[in-house]
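Trainee: Each chain is listed here by its residues.
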Amino acid sequence: MKKFIEGKAYVLGNDIDTDQIIPAEHLVYSLSDPEEKKNYGKFALSGVPKNAAGLPDGSKSFIAEGKFESEYTIIVGGKNFGCGSSREHAPACLKIAGIQAIVASSYARIFYRNSVDGGFFIPFEIQDQLVNDTRTGDNLIIDVEKESLTNKTTGKSYKLNSLGEVIEIIRAGNIFEYARQSGLI
Amino acid sequence: MGMTITEKILAAHAGKDKISPGETIWVDVDVLMTHDVCGPGTISIFKEQFGKNAKVFDREKVVIIPDHYIFTADKHANRNIDILREFVSEQDLPYYYDVGTENYKGVCHIALAQEGHNRPGEVLFGTDSHTCTSGAFGMFSTGIGNTDAAFILGTGKLWVKVPESMQFEFTGKFPDYIMAKDVILQVIGDIGVDGATYRTMEWTGEAIMNLPMEERMTLCNMAIEGGGKNAVIAADEVTFEYVKKRTNKPYNTYQSDQDAKYYFKKTYDASTMEPVVAKPHSPDNKALVKECSDIKIDRSYIGSCTGGKYTDFLAAAKLLNGKKVAVSTFIVPATTEVYNDLKNKTMDGKTLLNIFKDAGCEIGDASCAACLGGPKDTFGRTHGTEVVVSTTNRNFPGRMGSKQSEVYLASPYTAAASALTGRITDPREMLS
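Line by line, the protein sequences give chains S and A.
Numbering of the first sequence is given in the working numbering, commencing with residue 1 and proceeding in unit increments.
Numbering of the second sequence is given in the working numbering, commencing with residue 186 and proceeding in unit increments.
Don't take every hint at face value.
Claimed, not checked - Listed below are several chain S residues computed to face chain A (Cβ distance under 8 angstroms; list not exhaustive):
{"#": "1", "residue": "CYS83"}
{"#": "2", "residue": "ASP117"}
{"#": "3", "residue": "ASP143"}
{"#": "4", "residue": "ARG171"}
{"#": "5", "residue": "ASN174"}
Because the hints were derived from the structure by calculation, they are not lab data.
Glycine is no exception: its CB is placed at the ideal position from the N, C-alpha and C atoms.
Let the hints inform the model, and build the full structure from the sequences given.
Mentor: The structure is reproduced here in C-alpha cells:
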C-alpha cells in the first residue's frame, strides 16, 4: 500500500452510475489480455454526459483521443458513486486508466466492495464538500496512513473518513491475499 | 432482541446463533450464479488465484446462465460464450443453459426462479446487481463482482457485513390498475437511489402477501435501484407452491421476529397507490403517470428481469388486445419459458403472442436485450434521441444505448397504455 497518492483531480457529481463509468456495449473485451484490456481505459467514463464531465466546467475529456491512460490520478465524486450494476469492469477500467484513489461523499455498495476486494484503488469517503471545493485539474495529495487530503492548488486540507475494517484487505492487496494472510485459504 | 429474516439466514450460514447489523461474518454459499458478461472475468481470476487445474468448490452449486449479449454479431461477445462453454465442460457443471440449444433460458434472475435455483432460506450470490430479485423467495441474495465470485468458486464462502433492515409494509389491497412496478418506483422515489444503501429492504403486509411470485420478484428486483444490499419477502404458501413445481430440494423457512430491530419502518395504505413513472435520468425521479400526459413518446419497451415476465405481458395484453400501437413497441420475453407462455396461453381465444403481433408490436428473443443497451445490433436498443417508456429498471444516461435518449420507467400497464396513444398514459384511462 502506497503511503501517498498524488496527482491531478477529475471531478464528477452525484450518482455516477456504472453505465456512465463504462457503457455496457464495451463490456465484451477481455479483462485478462494485457493489450485488449486497454480498451477499458480508452472508454473509461465515456458515458458521462458532456456537461458533467470534469466539473465544475464540464466538457473535459477523462481520456485524451487515442489514449487509454488518463492524465488524472484521483477522482473526486459526490454521493452514491458507482451505483447501478455489479460489473467489475467499472473499477477495473478506472484502474486501467491510471486512477489510484477515489474520494467521494458515499458509494454504492457493490462498487465499493469490488474496489476493495479486487484491489483496484482505494475508495475513500469524506464528510466535507470536497466535491464543491475542487476543480478538475487541481493537484491533490492523499496521506493514506493519516487519512487526510490536501489540495495543493488551493492549499486546503481535509480529513478523510476512516477506512475501518476494510483497511486490512486494502493493506493485503485484495481479498485473496487477505484470506491467505489470515489463514482462511 | 429478535432477528430479522435476513439476519437469521446469514447467521445460519455463518454457523452462529446470533448476529447483529454491522458485524462482518463469513457465510457458506448455496448458489453462485454468473452470466456471459461477468463469467469470463470471474473464470480468469479463479484460475489465476487457485491454479489452472483448480476445481470449483461444488459443481452442484454453480449456475451459469448466458443472457446479456446473445443475439449479436459482436465477435467479442460471442467469444465470451465460448469461454463459458469451455469452463462448463472442463468443470462438468450440470447447470448451464447454453445459447442455441433447447436448454437456453434467457434472463438469469427469472431463469433462476423457473429452474428451481431459488429456494427459501438459502444464500445466493450472483455477478449481477439484480440478483436481489431472488429475495422474493425468502432467501438472501445479492450482486457481487468478478473477484468475489472467483473467491466463491474457489472457497464456497464470502465475507458479508450484516445489513440493517428497512421494513416496508403495505396494508389493505392494491387497486387493480396497480402493479408491483408502481410500488417499487413509489418507494424508490420516497427513499432516493441511495436510501437503502447497505441495507435490506424487507416487504411485508397483506397487500404484499397477496401478490403472486412474479410480482414479488419485481418488487425485490429493483431494491438495488434504492441502493439496497438485498430485498426479502417471507416465504409463504404462494412461495411453496411455486418452488414445489420447480425443485424437490429441501429448504428452510424463516420469519422475522416480532421484536426484531429495524433501521426504519414505513407503512403504506395499498389502496391509495397510483400509477407512477421514474422520469429521466434516475429511478428515483418519481412522477404520477397522470402528471406526464403531455409527454410524447417514440417507443414503448416491455421486457427485462423487471418487466418481461408472464404476468407483465398478461397485463400488457389486456390493453393491447384488438388495438393498434401508435409507436414502435418492443416485446422481449425474459426467458424462453415466458416466450412459450406467450405462444400458448390465450386471452379471448387469441394467444398473447398473436395479440401483440396484431397490435403491431415487434417481438424479440428471450434475453436482456436493450435493457442495458449492449452491442450496436441489440434488439430495441436506442441510437438517437428516442423518448422511451420502458418496463426495465434503470434510466441512467445512455442505459438503453444512446446518451441522448430519454427513458421513463413504468409498469407494463402504463407502457402498454402509452404505446396505444403515443404519449405517457395513465392505464386507468383504458382499464374499465
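Trainee: Report the numbers of all earlier hints that the structure fails to satisfy, in ascending order.
Mentor: 3 and 4
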